[in-house]
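Engineer: Per the working numbering, residue 1 is the first one in the sequence shown, and the count goes up by one each step.
These aren't lab readings, by the way, just hints derived from the structure by calculation.
Even for Gly, the Cβ is constructed at its ideal location relative to N, Cα and C.
Do not take every clue at face value.
As the list claims (entries may be wrong) - Listed next, with one range per pair, are the computed distances between beta-carbon atoms:
{"no.": "1", "residue 1": "E285", "residue 2": "P339", "range": "26 to 36 Å"}
{"no.": "2", "residue 1": "G83", "residue 2": "I162", "range": "30 to 40 Å"}
{"no.": "3", "residue 1": "E243", "residue 2": "E285", "range": "29 to 39 Å"}
To be verified - When the alpha-carbon atoms are kept at most 25 Å apart in a straight line, the in silico SDA-like pairs for lysine to any residue are as follows:
{"no.": "4", "residue 1": "K290", "residue 2": "A274"}
{"no.": "5", "residue 1": "K61", "residue 2": "S30"}
{"no.": "6", "residue 1": "K290", "residue 2": "E255"}
{"no.": "7", "residue 1": "K61", "residue 2": "R383"}
{"no.": "8", "residue 1": "K290", "residue 2": "P205"}
{"no.": "9", "residue 1": "K290", "residue 2": "A361"}
{"no.": "10", "residue 1": "K290", "residue 2": "S280"}
{"no.": "11", "residue 1": "K290", "residue 2": "L193"}
{"no.": "12", "residue 1": "K290", "residue 2": "R242"}
{"no.": "13", "residue 1": "K290", "residue 2": "D389"}
{"no.": "14", "residue 1": "K290", "residue 2": "V251"}
{"no.": "15", "residue 1": "K61", "residue 2": "R43"}
{"no.": "16", "residue 1": "K61", "residue 2": "A274"}
{"no.": "17", "residue 1": "K290", "residue 2": "G216"}
{"no.": "18", "residue 1": "K61", "residue 2": "D389"}
{"no.": "19", "residue 1": "K61", "residue 2": "Q81"}
{"no.": "20", "residue 1": "K290", "residue 2": "A360"}
{"no.": "21", "residue 1": "K61", "residue 2": "S280"}
{"no.": "22", "residue 1": "K290", "residue 2": "A232"}
{"no.": "23", "residue 1": "K290", "residue 2": "P246"}
{"no.": "24", "residue 1": "K290", "residue 2": "V201"}
{"no.": "25", "residue 1": "K290", "residue 2": "L262"}
{"no.": "26", "residue 1": "K61", "residue 2": "L100"}
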Amino acid sequence: MGTDVSLQADPGVAGPATGWLPRDAAWSDSRPAILLMGDSLDRGGTEGQFVEIATRLDRSKWNVHVSCLRAEGPLRARLEQAGVRAWSCGRGSLKSPSVLAAIWELARSLRRSRIRLVHSFDFYSNILGVLAARLARVPAVIASQRDLGDLRRWPDRRVHSIMLRLADRVLVNSQAVADRLTAHRALARRIVLVPNGVDLVRFSPPAGPTGGRSGGVTVGTLANLRAEKGLADFVEAAALVRERCPDVRFVVWGEGPQRPHLERLVAERGVGGAVELRGSTAEPEVELRKLDIFVLPSLSEACSNGLLEAMATGLPVVTTNVGGNASLVEDEVTGLLVPPGDSRSIAEAIVRLIQRPAFAAELAARGRDRLQATFGMDRMVARVEALYDGTLAGSGG
Numbered sequence: 001m002g003t004d005v006s007l008q009a010d011p012g013v014a015g016p017a018t019g020w021l022p023r024d025a026a027w028s029d030s031r032p033a034i035l036l037m038g039d040s041l042d043r044g045g046t047e048g049q050f051v052e053i054a055t056r057l058d059r060s061k062w063n064v065h066v067s068c069l070r071a072e073g074p075l076r077a078r079l080e081q082a083g084v085r086a087w088s089c090g091r092g093s094l095k096s097p098s099v100l101a102a103i104w105e106l107a108r109s110l111r112r113s114r115i116r117l118v119h120s121f122d123f124y125s126n127i128l129g130v131l132a133a134r135l136a137r138v139p140a141v142i143a144s145q146r147d148l149g150d151l152r153r154w155p156d157r158r159v160h161s162i163m164l165r166l167a168d169r170v171l172v173n174s175q176a177v178a179d180r181l182t183a184h185r186a187l188a189r190r191i192v193l194v195p196n197g198v199d200l201v202r203f204s205p206p207a208g209p210t211g212g213r214s215g216g217v218t219v220g221t222l223a224n225l226r227a228e229k230g231l232a233d234f235v236e237a238a239a240l241v242r243e244r245c246p247d248v249r250f251v252v253w254g255e256g257p258q259r260p261h262l263e264r265l266v267a268e269r270g271v272g273g274a275v276e277l278r279g280s281t282a283e284p285e286v287e288l289r290k291l292d293i294f295v296l297p298s299l300s301e302a303c304s305n306g307l308l309e310a311m312a313t314g315l316p317v318v319t320t321n322v323g324g325n326a327s328l329v330e331d332e333v334t335g336l337l338v339p340p341g342d343s344r345s346i347a348e349a350i351v352r353l354i355q356r357p358a359f360a361a362e363l364a365a366r367g368r369d370r371l372q373a374t375f376g377m378d379r380m381v382a383r384v385e386a387l388y389d390g391t392l393a394g395s396g397g
């Protein structure tokens, strides 16, 4: 089983072999000690939700510990600003025998720190976290599936399914993911749906009639540059829109392995002056306020943070009818849904919003209203804490 995550111990912090807390502190604290585990602190949807939960849990109620297989990346600063320290717990590749040592060391630390609940967030952290928690006899174990799983190889899906069955609960972030997992009877009773949350203060509409916009129409997207994000369709749609609306500009924020392919496609379609690949941004809330229309052309999606953030910013959205997108966007009510892989339909939807600005504004307003009622970050964290309470109560821990 391969991995694209470097599971190297962090030289700057104590690893799990030494424990995260002094023994006396761990034994004297009356709050339940819980461990949140992620794969890394790079920018990404799962990583962002991981950091939000880690920093927003009620510290008067929970003794929170945070660990990643590789506790490095741009989001580490967010944790540190909130006074949360992340520890690396990886050793080499999951294909290496050293992973057994990592599981054993993590289990020893779980026992030392008297961890009562482990919540792992991603594929690799599920493997390491669930196995170590069971080895350490942690009372409550929560795994997560935050994607549809259709992009993984069959052996990886099989291993992940076993890890999910070893957990007490499996958190999923969309009904589409839940539907995939309920096909496995052994998993059905473990599934708990907690949709992603969005910070409605950070992501809010721009002030004034034009906000941060500089004139003209700008269409944009925010996504990692991976094949499943469908960004080739975004570029193709941009070329089609420009045939009818030649002044429209297009921007993409994000980085990833598809950049060379997208750069070639932009050049081949002759839209180099109109389509910008701007790279990663640390301030998506600022960039989103400069847009007029947001497009998410994904080929596979569970619960898109970019889509949530765009709707919270008050943008009209066009997105593909895949996975959890339809749970966020009601077609013709809070946005427009189009078939996946169909650049022409994407282009038609964009042109429609450009030509009908009042309709676009209505979609945007209803979309934000729906987010405020259902997808606020506080609501999401409250659901997670309720899951922790219920899982601990059910375990007797």
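Engineer: For every hint, state whether the structure bears it out.
Structural biologist: Status of the hints after comparison with the structure:
Under the hint 26 to 36 Å, the C-beta atoms of E285 and P339, about 30 Å apart, fit the expected range. Taking the beta carbon of each, G83 and I162 are about 36 Å apart, inside 30 to 40 Å as hinted. Between E243 and E285 the C-beta distance comes to about 32 Å, which sits within the given range of 29 to 39 Å. Straight-line distance between C-alpha atoms of K290 and A274 comes to about 15 Å, which keeps the hinted pair within the 25 Å bound.
For the hint pairing K61 with S30, the CA-to-CA distance comes to about 9 Å; that is within 25 Å, so the pair holds. Between K290 and E255 the alpha-carbon distance is near 19 Å, which keeps this suggested pair within the 25 Å criterion. At most 25 Å may separate the alpha-carbon atoms for a hinted pair to count; K61 and R383 meet this at roughly 15 Å. Of the supplied pair hints, the one linking K290 and P205 holds, its CA atoms being roughly 10 Å apart against a limit of 25 Å.
Restraint check for K290 and A361: the C-alpha separation of about 15 Å stays at or below 25 Å, so the hint holds. With a CA separation close to 16 Å, the supplied pair K290 and S280 stays within the 25 Å bound. Between K290 and L193, the direct Cα distance comes to roughly 33 Å. Violation of the 25 Å bound is thereby established for this hinted pair. Distance restraint check for K290 and R242: the Cα-Cα separation of roughly 19 Å lies within the 25 Å cut-off, and the hinted pair is therefore satisfied.
With a C-alpha separation of about 41 Å, the suggested pairing of K290 with D389 is violated against the 25 Å cut-off. Taking the CA atoms of K290 and V251, the gap is near 10 Å; set against the 25 Å cutoff, the hint holds. With a CA separation close to 28 Å, the supplied pair K61 and R43 exceeds the 25 Å bound. Distance restraint check for K61 and A274: the Cα-Cα separation of roughly 51 Å exceeds the 25 Å cut-off, and the hinted pair is therefore not satisfied.
This hinted pair checks out: K290 and G216 have alpha carbons roughly 11 Å apart, not beyond 25 Å. The straight-line distance between the Cα atoms of K61 and D389 is roughly 10 Å, inside the 25 Å bound, and the hint therefore holds. Between K61 and Q81, the direct Cα distance comes to roughly 20 Å. Compliance with the 25 Å bound is thereby established for this hinted pair. The straight-line distance between the Cα atoms of K290 and A360 is roughly 16 Å, inside the 25 Å bound, and the hint therefore holds.
Proximity of K61 to S280 is assessed by CA-CA distance (about 36 Å); at most 25 Å being required, the pair is judged violated. Annotation: proposed proximity of K290 to A232 holds, straight-line Cα distance about 22 Å (limit 25 Å). Straight-line distance between C-alpha atoms of K290 and P246 comes to about 19 Å, which keeps the hinted pair within the 25 Å bound. With a C-alpha separation of about 17 Å, the suggested pairing of K290 with V201 holds against the 25 Å cut-off.
Of the pairs offered as hints, the one joining K290 and L262 holds, with about 22 Å between alpha carbons and a cut-off of 25 Å not exceeded. For the hint linking K61 to L100, the alpha-carbon distance of about 33 Å lies beyond 25 Å, and the restraint is violated.
Of the hints listed earlier, those the structure fails to meet are numbers 11, 13, 15, 16, 21 and 26, in rising order.
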